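**Q** Whole structure, please, built from the sequences with the hints as guidance.
Line order of the protein sequences matches chains A and B.
With the working numbering, you'll find the first sequence wraps up at 562, consecutive numbering, no jumps.
With the working numbering, you'll find the second sequence wraps up at 562, consecutive numbering, no jumps.
These are calculated hints, taken from the structure and not from any lab test.
Take the hints with a grain of salt, since some may be wrong.
Remember, identical chains collapse to one label, so a pair may be satisfied in a single copy or spanning two.
[Stated by the list, open to error] Lysine-lysine pairs mimicking DSBU-like chemistry, simulated, CA-CA at most 30 Å apart:
1) Lys-462 to Lys-58
2) Lys-546 to Lys-136
3) Lys-208 to Lys-403
4) Lys-546 to Lys-144
5) Lys-77 to Lys-267
6) Lys-428 to Lys-267
7) Lys-394 to Lys-208
8) Lys-510 to Lys-267
Every value quoted in this text rests on a predicted model; they were computed, and no experiment measured them.
Number of protein chains: 2
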Amino acid sequence: MKNKNTFQPDWRNTPPKSNSFRSIFKYGDPEGFKHPNRRLLEELKNIFGLTNDNFKKKETTGDELVDLRVPSRITEKQIQVFESISGKENVSVSEYDRLKYSTGQTLEEHMTLRRQLVGSIADLVVHPRNKEEVEKIVHFCNEKEIPVLVYGGGSSVNFGLKPEKGGVTLVLSTHLNKILNLNETNQTVTVEAGILGPQLENTLNRAKELYHARHNFTCGHFPQSFEYSTVGGWLVTLGSGQQSSYYGDAANLVLAVEMITPVGTIKTLDFPATATGPKVLDMIKGSEGILGVVVEVTWKMYRYMPENRKYFGFIFKNWESAVNASHEISQGEFGMPAVFRISDPEETHHGLKLYGIEGTVFDRLMTLRGYRPQDRCLFIGTADGARSFTGNIKRQVKKIARKNGAMYLTAFPAKRWEPGRYKDPYLKEDLMDYGILIDTLETSVKWDNLHEVHQKVRAFIKARPKTICLSHASHFYPQGTNLYFIYILKENDVETYRQFQKGIIETIVKSGGTLSHHHGVGKMAGYLMEQHLGKNQMDVLRALKKHFDPKNIMNPGRQLGL
Amino acid sequence: MKNKNTFQPDWRNTPPKSNSFRSIFKYGDPEGFKHPNRRLLEELKNIFGLTNDNFKKKETTGDELVDLRVPSRITEKQIQVFESISGKENVSVSEYDRLKYSTGQTLEEHMTLRRQLVGSIADLVVHPRNKEEVEKIVHFCNEKEIPVLVYGGGSSVNFGLKPEKGGVTLVLSTHLNKILNLNETNQTVTVEAGILGPQLENTLNRAKELYHARHNFTCGHFPQSFEYSTVGGWLVTLGSGQQSSYYGDAANLVLAVEMITPVGTIKTLDFPATATGPKVLDMIKGSEGILGVVVEVTWKMYRYMPENRKYFGFIFKNWESAVNASHEISQGEFGMPAVFRISDPEETHHGLKLYGIEGTVFDRLMTLRGYRPQDRCLFIGTADGARSFTGNIKRQVKKIARKNGAMYLTAFPAKRWEPGRYKDPYLKEDLMDYGILIDTLETSVKWDNLHEVHQKVRAFIKARPKTICLSHASHFYPQGTNLYFIYILKENDVETYRQFQKGIIETIVKSGGTLSHHHGVGKMAGYLMEQHLGKNQMDVLRALKKHFDPKNIMNPGRQLGL
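**A** In structure tokens form, the structure reads like this:
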């Protein structure tokens, strides 16, 4: 027993070597790690029937150096043109760079790169220094019919960055990452589209000091990929942050954009509202790189008032009562919580381990009071806004939770969850080193089909033996919510995994969910778009595409099913 | 003096004769009237230099019967096709009907019809009974290249209903006005697009009784035209209601639509959020009839809780402090008031008369405390939502108003304003009977250009001698608000008026406002669209138009500047 309890796998604590495959697919900070804790490890061993031995030898690790021989289809003469536009130092034809910037965070990409399997990659990587350079590049590429893709933070989970037809990948986060204007009066901030979340947020949080503003601000958008995703990416993939129930989704947070397309530049107006016909801004939202390159974004800021933030957490007897309470809160018209998350029984089981609640006085009290493991459901939340507003939300949420039979868990679980909110993707590498896959799919549902979608998707996932399926809802609206499925399995075969994943996506749609709530479509689920939206809607997207990009150079291939 | 004080013009109290021009342009209920009160009349006399004599003889009244000889370009054989689709009783080729359903509420239309001047009118009027008939009609018209226009409630104020190229006008409010599904769980209601505001709202308000729902609901959208506008119209013109600061604009309140177009039917999905590319729903919003016929709409309902409603009113020392307080409220993050309206000094002057505050104890108190006539500004508001939420909003608004030097006027002015909220358009007929024009134009502004737009537009209007200009802001956002200009003048010449109005619109845009906040563009301001949005954005609208309507049959002409 002692041996079992003290055994720790040799979790990786060193950054990947430069130029290794691992350095490409490893999530986030090369020096960033999050290891499964002992409780999670024991659980995985139990479920998958593994012993310590299975954690003694690593499987494919992707530590090999990238050594490809993939010729670039861009000619020497063309390369010189790109170099003349963006400078020699900002143009790379190296196979490593071309692979790196063709890769996102799709699990299948991890699996294949660990096996040194490489699909289509960019022919050239360019780091433009300003929007004028982007304009010249798009113009030149259109003339020469060279595909153009955009790499922001690299967090796509649906092959959005995969250059199906090669071409040039523009990396926006390298140079196009500046704050251009902070307008305190209008509460807007105009940025270059390649700015990453933390750079934006840290600046806004210090607006008093840096801009002599009367308030500090927040961008309000905190997706799990926050640290490695860009404002432009948030917008073109229709992202949602972990506080979206209060702040809104990316689509609501964008006020105006500038986009460079093969047929010219679009700069939308930054009025708070306008009745001047269908809005081109709306057509750019969710366009996933197929129409043009978004180079500037005007974003709506909120006041940064962490001193007013309230935290709350509850345990419910079961999923139905957690859903019922969330439904009531979402339609209660007293304002919405910011973080607002309910976990189903299986996620609750793991969550209590992860947030360190298992084994505490809460755990004993919960069980004693009849909140039984495998039935009980965790709810965590926060409220942002003015003090009088957040205080009231906490009171109303408590009232509704209690009415639905919940036990209050104080601020503890939400406060435990918060610091690790961006860190879960780091678990992926550790687990995959031992052949364990952790991946996610998600959808949006209406209140009246939430249970059906949840049950059917879970049933599909659980029909695979020894598969963990954790679900939560974390983006709430009066009309419905999202469902987020995290599934963990032991699997080595890429094709088998691909088929399993495909089955989940198809089950989501068949059971009545939408194709994606906030991950976007990319090239992974594109083939389902026409079935999901209907031919007539797809024809509209095709017409838009044809207008903006008549030669089909912008992220061509299966992106968005076009 | 006695004579002067007791004199009352012979305000019209009888409905217009059937088949008269007046019966076409008279706003709203044929038996509905709102006469200028004595205070307003005295004021008008003073400003325009009029005496009682000017109010003894009516000018053009439009009481003549419509007796046109405008041949219809629809052939007898084609008429039979329409009759076979929608029934003989739902097809009219009479000149009266064709004129009636080609007319909106643009002031110029009033002026011309009073003078029996008639422009282009529809060739045929059809009242389709269901969406299948609309589909057949659009299909047939596309085949024969017959223009199709849609008439909802007839409240367009920019020639949106004017058939520049004749054709068929479909009146949707006659039959396509049913509630198809009230989904309490999702808080949505699906309606036929021709349903008028009151029918929808009255049903939702009685959902407990009529649908055995657990709550009563509200549609949340109350434009001044509420009683004579349709849900489909709200959506395609991007309308805003008088409580939009809380409930959102029409664009925010629509969840899904079904639209019949020359190239097929679009039915968008009703998920609360979805990341499946650019949304076709968004392209339909604001399309003003140029893409197709919206036949069904799924609308987001809110709970109807009038028992929680709070009313409040303030007087500010001046416009700047009223704006400052509104700015602070809009960015305060404690929730937004529902009605939220500030009047500039000139509107306040008239508003105090209209709401019956002039001469009351409030009036004396205000003046005594230094809230001087011609400087002071009225603020009225309400809060909707949960009781704890509305109570808090009222407290926070009071705090901010006081900080900005306001005096609290209790609930009185807001409660005086509320019952007459839809009635002001009725004043128009009375005044025009004596040659006095009252019209409105509006725009949206950002906080940092509000004053500039307000001053410049006012300056333009006031540069015309003897012209009243009342302004207010009544739709608030964290990023800005709208400006609504009501101007009153004595003018008989249509062309002179047209030029004046054109000058105002151009001043709005030149000074930095948008072309419209919620009236839409129609055919009146269409010519400014390209200058306002830029050629590249207009090209996108043209591409959309070409896709949906390749033969240009949907509201062809200058609509939206196409």
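**Q** For each hint given before, does the structure comply? Return the numbers of the non-compliant ones in rising order.
**A** Violated hints: 5 and 6; rest satisfied.
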